[in-house]
Structure formats: structure tokens, C-alpha cells
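Just so you know, the protein sequences line up as chains S and X, in that order. Here the first sequence is numbered in the working numbering, starting from 1 and rising by one per residue. Here the second sequence is numbered in the working numbering, starting from 1 and rising by one per residue.
None of these hints come from the bench; they were simulated from the model. Some hints here could point you the wrong way.
[As the list claims (entries may be wrong)] Residues from chain X shown here face chain S by an in silico Cβ test under 10 Å; the list is partial: (1) Asp-99; (2) Ile-268; (3) Asn-271; (4) Thr-281; (5) Gly-283; (6) Phe-299; (7) Ala-356; (8) Asp-390.
[Stated by the list, open to error] Pairs of lysine-lysine, DSSO-like flavour, derived with a Cα cap of 30 Å: (9) Lys-342(X) x Lys-297(S); (10) Lys-343(S) x Lys-319(X); (11) Lys-270(S) x Lys-319(S); (12) Lys-59(X) x Lys-59(S); (13) Lys-59(S) x Lys-18(S).
[Stated by the list, open to error] Covered stretches of chain X (in silico footprint by chain S; criterion: 3 or more residues with CB under 8 Å from a CB of chain S, positions within the stretch not fixed): (14) 47 to 56; (15) 150 to 164; (16) 357 to 368; (17) 391 to 400.
The model shown is predicted, which means the values in this text are computed figures rather than measured ones. Glycine included, every Cβ here is placed at the ideal spot set by N, Cα and C.
2 protein chains.
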Amino acid sequence: MLSAEIIAIGSELLTPFKTDTNSLWLTEKLNEIGIEVKLKTVVGDDEARLEETVRDAIKRSDIVITTGGLGPTEDDITRKITAKALDKDLIFKQKLLDDLRERFKSFGYEMPEKNRSQAYIIDGSEVLPNPRGSAVGMLSDLSEKYLVVLPGPPRELKPMFEKYVLPKLKESAGDIVVLRRSLRVSGMGESSLDELIAPIYTKYKNPQTATLFNKTEIEIQLTAQGNTKEEAESLLDELANKIADKLGMAVFAKKGEKMEEVIGRILIEKNKTLSVAESCTGGLIGERLTEVSGSSKYFIEGSVTYHNDAKIRNLSVPKDVIENHGAVSGEVAEAMALGMRKKAETDYAISVTGIAGPTGGTEEKPVGTVFIGYSDEEETKSIKLNLPGDRYLIRWRSSQAALDYLRRNILKKEDD
Amino acid sequence: MLSAEIIAIGSELLTPFKTDTNSLWLTEKLNEIGIEVKLKTVVGDDEARLEETVRDAIKRSDIVITTGGLGPTEDDITRKITAKALDKDLIFKQKLLDDLRERFKSFGYEMPEKNRSQAYIIDGSEVLPNPRGSAVGMLSDLSEKYLVVLPGPPRELKPMFEKYVLPKLKESAGDIVVLRRSLRVSGMGESSLDELIAPIYTKYKNPQTATLFNKTEIEIQLTAQGNTKEEAESLLDELANKIADKLGMAVFAKKGEKMEEVIGRILIEKNKTLSVAESCTGGLIGERLTEVSGSSKYFIEGSVTYHNDAKIRNLSVPKDVIENHGAVSGEVAEAMALGMRKKAETDYAISVTGIAGPTGGTEEKPVGTVFIGYSDEEETKSIKLNLPGDRYLIRWRSSQAALDYLRRNILKKEDD
């Protein structure tokens, strides 16, 4: 098994505020082709330490990947120091400079002189194009070893790595296939889940199983190794199906999809439309639904009725229902869902009203009290939740619960 | 300034699922007493790599902190390898073994023989008690340098570090106070920003300046050292003011606040209200605004008019304006903002309509074409943007641009 090291470069990654996440993604991609990550380093704009780190890494490991530090400013030292660590020169590429000028021009700017530094590459290295940014990457083939130099922003790094680096590493890595699959579960606690499925997954050494708790849901992650893709897939299928059967409707995604993608798929399959009325989530549900490309096919309208007047005006929530039950109540959630559905003329509508905190809680309705409303042609109903967490988490959990309530209601109708 | 390195030990930290977070907390604590973290490493149960890492770290840095790998199992190699890297022996402490047996007894268990390994410490090191776990820490004073060995679980590491390590490091570090401040900038590219302010900040060694690019904005991070808090504050004030003067209105936050917090502060100060009409951002602007606690004071209503019918029905956008100019146009953005403001009876309204992609672009209006509308009592207007990036980034940038357009318009009125 080939070994890799990842070096993240940037002083901001040595502050208390920023952590290197590129290495997690890179590790996943490397693991998939059977390459093991043996060491990770984070280093700032300290030239001596960076040079030593790169030199040591190349000595010990088959593949060394650096991320970041390719920008045009003084503290972007990666280009210079990686070349030095390889005892190579940086050479100027007119073509890269022309491309850079062109890139700036296409956005209506003139290239600042500073960006000229981005037209230099390590002598003998392959240039890795970057359609999403001004910093190209580099790949140096060091006979049996590789140094790969990537830009820091994940949006630039990921396509570059997948398109230009992965195929090359795959050739060197040989024929082990490592595949992962995740099942996503909603509406269940971590330990009750583990009690149900541990008797199943502990019987398997391959795939390996890990359960991760993530904001509002549990991810059950399976990792299988095989000699072929088919072999690994069939190992995954077997265990994934056993676990999914045990957990039933709580599994909302069998292949790692997000809740909003699952909702989208169901609505498209059934050719149905949706509208959303939000209070404490403030637009989050709409935002999540419309993050899915193609959502305009089923998502018609959202209404963020933060103020009570807006609930009355937009969703025809009767004023006396608010006065009698309070804005945070099942009655108001139902009126919001019903009003939204009728107004937007959609097949389904969901609504959320609750207290996200940190202020606004009362003894009767503490922070975390959230009502989710649901309406279709046949019925309008609501559920009450008591959600733990801070403002951010309560809002996120509310949005997830609302989408999951919709999912379960649609699928239940199907079973009837 | 003393320098530190942090070495996180544990194979689970080399998987795609787990990241080392202890180092962020440790960095914060170290920075507060004027110690700079120069390098971080994550290493698994690879003995040779760990030994090399510890040896190199001690050579280059004043303080080396390891976390994790102190458990009783085979793959907990920290004790053995740190001793080896210092060329010291591990010595057995009867007292530690007695304590361990006592600890297990207090939970009603007999100590497993495996745990005996936890009674060995690096020769000459100080034992750091661990009331929350079975692994004690160690502190080796290497004359002018320290090696600190801590357990991995944050709830064990934190109290141990604060009680036994921090006071000792503080003595060595002296009376330095380190403070950070960040300025946030919108509507400017990284290199044009740097060209403007590099002539200012490069004159200062203290504070140090770092610029970070983050989705839609640039953060200028200043770190100042002083003998007192007041001294560090005044150093920050001086440079922050110079930079802010140079950049003018592009600086939206002088003390690290988010755009939505800045908007909230301005609206509260002026006692004004806001509503938002969103198309391609799908609720993101509402979500951001309402993420701020207390936003119900000024945020009245949002309308996610994804479908054209919803724009007509909810915002009174004239049908012929959509037909003549297209849903993605300045005319529609203006009609959305005006309609929203009138309907919600707010002082301000902003709107967004655009093409977030990946599909839906045309030659005339490619993906990334976004119109932002603004309306107040005196005027209604719009701007057109050509935003780079994928769907996620275009939506985020649109939301930021809309909030910034609002901010600039409100503040401009003030200047008039």
C-alpha cells in the first residue's frame, strides 16, 4: 500500500479559528484508491519549517501533497519553497501569464502586477489547470514518488485533484478498490441506533462500519475493500441492505444523499409541488431546497413570515388563532401550512414556527419549542418538538425535522 | 516570542472523518500568553514517523505539545516514543499503579493488566494528574525547552493543561499580551486590496497582518503584542484605522462582525425595518438575517418567489415586465423590491433575481448573471452582477452583494 503525507500551508491554519479540512477530503479520495495517509502537517509562512517539512515528507512517503500558499501575495511561499526542497528552480511560463491576463480581462479587470508570481512553476513539473482560480497546481514526478502542489480553496483543489492527479496516482497504486457508502438516518439517537445495528455490523470485518453524529442526523459509514469495483459494491450492498431493513423509514438516504435531494427526488417522481412557510428558520428550508439544482420544478414559493402581521397578511393565519394559542403553537403551524398551500396552489406545504433562542423562551414554551405543520389535499396537521442546542442548531434541526416530516407523510400515503 | 508545535497522535485523526480540534483550543490558550504555534502535525501509530516528528519539533521549537496516544492498548505509542525521542528511559511508578488500581476499584472494577503500561513515565518528567481519566500527562523540562505530553480526550486535556501546564509556560513566556482583530471587506478582489494596503501594513512588524479570502469577502487579520492589554489594543487601533481609512466603505466590519450583524446594528440604530424578496437565493438572505438573535426587531418578512407566478401574485411584479425583460432583469429586481417594501410596509426592501446554474444560462444571460434590487421611500433601483463560481458560491455571493448594496445605500444617505 502506498503512503501519502499532506501538508497544509497557511498561517491562518495556525490560528484558533481555522482548521484544515482539505486533508479530510483528500484522505477520502486517496483511501478510495488504496493509498494510506500516514502524516499530516500544518505549517504557516515559516520558510525554514516548510522546507524541512517538505524534504522530510518526500524522504519518508511515496506521495506528498501540499495545499495552499499559491496566492499572489508576499506570504504565499509554497511555490518558492517546494522548488527549493526539491533543489529545483522556479521557471517563468509566458503562457501562464497570458492566461492570467486573459482571466482578469474576462471579469473586466486588468491583472495586478502581483499576480505575475503565479506564472512561475517548479522546473520539470506538470501544470495542473485551475478553471476556478488564478493559481495553477503542479505535479512533480520524482521517479517512484510524486509531489503534488494544490491551491487551498476547496472549490479549486477538488476538481483539480480529481481530474489531473487522481488518475495518475491510481496507476501507481494498483488494483485495490476501496469503496465507501453512507446511510443517513433521521429522528433517532446515536445509542439507540447502535443497539439496533451493532449485532449486524460487528459480524463483518469487511465492510468496516463507523457511525458519525452530524448536527441533526446520523451517518452510518461503510468501507469495503475488494479486488474489483463489483466485489466491493456487492459487499456494501449486502451490509447496507441488512442495516436499512432493520432501521426502516428512519433511513432517509441509502447512498449518502442530503435530505433536500431526497425530497426533490420524491417530488419529481410523483410530479408534485411544494411551498414552505417559515418563521424561526427564517428562510433556511427554502435555501436548502433551492440549493438542489432543478428545484424550480417542484419548489414554487416560500414565505418567511417572521412578524405576526406577515403571518396574517400572507398566509391568512386568523388573528384570533395567534392571540389564543400564541405564534408558537400547533394551531398556528397548521394555519401557516394550510394558508401557504392554498395561496401557492401546491400539492404540499410545510411550515415551522418555534423559539430558536437564545431569548424568547418562557416556562411553558422554552427555547427549542418548535412546531412543524404539514398540509396536503386531504389533511393538515402538526407535531411539536423540543429541540436541544443553540440558535444555530435549533434552526438546523427544525429545518431537518420539517423536511423529514414531509418525507414520512408522503411515503406513508404510498404505503396505504 | 516563544514558539510551539503541536503533535496530535492517533490513527483515527488520519481518516476522512475525524479532525484534530484540540490544537485549536491549545493554540488559543498559547496565543493568549504570547506563544506562537508554528507547526502542527497529525501522526498515527507509525513509530518511526512519530519519533522523527518529535525529534524535529524539539530541535526547532521552544515548546512541544503532544496530544493522544496515552491509552493502555498496543497502538498507544506516545509514552514509549516520546521517551525515545528524548533519549530517555520510561520508568515505573508504583504510586501511579496504586492510583490506577484505586481508580478502577472506585468504579467497581478490577484494573485490567493492560493498564499497567500507564504507570510508566518519561524519566525526569513531572507527572500531570488526570482526575477525569486513567492516563496521566507528563511535562519534561529540557532546559529552556518543554515537552508536554497530554491525553487526547478534550475533557481530560483541557483542565490538565490549564491547571498544570499554562502557569509554567506563562513564567517562561513573560508578560506578553497578544490580541487579534479582524476587518472584513466586501466588493473587492484579494490582489487589488493587497495593492492598496500592503504599503501600509508592511511598515508594521507589530501588529502582524494576514489577509484571508473567504467565500465572498476578505478578512484582514491583525495580531498585536504588547506588555499590557491597553498597549496591544492601541497598536491594533492605529493600524486598523489606517487600513479602514484607505479602504473606505469597502470595510464593512472593523471588529470581525458578520455582514448580517452589521446590517442588524445599522437598522437598530436607525430604528428601521427591512423585508427581502428572493428568487435565486431561495431564502438564504432571510436565513442569514434571522441567524442574528434579535433580528425580529427589524426583519419583518421575506418572500421566496421562485416561480414567476409567485412574483406576480406576492410582489405585484407586472406580468408584462417579466414578459418583456425576462425574470432575470433589473426591471424585475426593482419591481420585486418595490412590491416587497409596499406589501410588508418596511423602510427598506432588497431583492435578488439571477441564474445560479448549473443550468438555465443563455448567451445573453449566462450563469452568474444576477440583479440586485433596492427600494426605500425615495428611490428604487438595481445593479447587475456577473458572479463567478458554482451554484453554491453564486448564491452566497448574491446574498452578500444584496446585503452590501443595502448597507452602502443606507450609509450613503447618511453622508448626504
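A quick look at each hint next to the structure:
1. Evaluation of the Asp-99(X) hint against chain S yields a violated restraint, the C-beta minimum of about 30 Å exceeding 10 Å.
2. Because the closest C-beta pair between Ile-268(X) and chain S is about 15 Å apart, greater than 10 Å, the hint is violated.
3. This hint is violated: Asn-271(X) has a C-beta 15 Å from the nearest C-beta of chain S, more than the 10 Å allowed.
4. Given hint, Thr-281(X) at the interface with chain S, holds; its Cβ is 7 Å from that chain's nearest Cβ, closer than 10 Å.
5. Hint status for Gly-283(X): holds, given a least beta-carbon distance of 3 Å to chain S, under 10 Å.
6. At a threshold of 10 Å, the smallest CB-CB gap from Phe-299(X) to chain S is about 5 Å, leaving the interface hint in force.
7. For the restraint placing Ala-356(X) at the interface with chain S, the shortest Cβ-Cβ distance is roughly 8 Å, inside the 10 Å limit, so the hint holds.
8. The interface hint given for Asp-390(X) holds, since its Cβ lies 7 Å from the closest Cβ of chain S, which is under the 10 Å cut-off.
9. Pair hint Lys-342(X) plus Lys-297(S) holds up; C-alpha atoms about 29 Å apart against a cutoff of 30 Å.
10. Using a Cα cut-off of 30 Å, the hinted pair Lys-343(S) and Lys-319(X) holds, with the two alpha carbons roughly 18 Å apart.
11. Taken as a hint, the Lys-270(S) and Lys-319(S) pair is broken in the structure, with Cα atoms around 35 Å apart against an allowance of 30 Å.
12. The hinted pair formed by Lys-59(X) and Lys-59(S) meets the criterion: a straight-line CA distance of about 19 Å does not exceed 30 Å.
13. Straight-line distance between C-alpha atoms of Lys-59(S) and Lys-18(S) comes to about 29 Å, which keeps the hinted pair within the 30 Å bound.
14. Here the region 47 to 56 of chain X counts 5 residues with a CB under 8 Å from a CB of chain S, which clears the bar of 3, and the coverage holds.
15. For the region 150 to 164 of chain X, the proposed coverage by chain S is not satisfied: 0 residues have a C-beta within less than 8 Å of a C-beta in that chain, short of the threshold of three.
16. Only residues whose beta carbon comes within less than 8 Å of a beta carbon in chain S count, and the region 357 to 368 of chain X has 3; three or more means the coverage holds.
17. Check on the region 391 to 400 of chain X: 4 of its residues sit with their Cβ under 8 Å from a Cβ of chain S, so the three-residue criterion for coverage holds.
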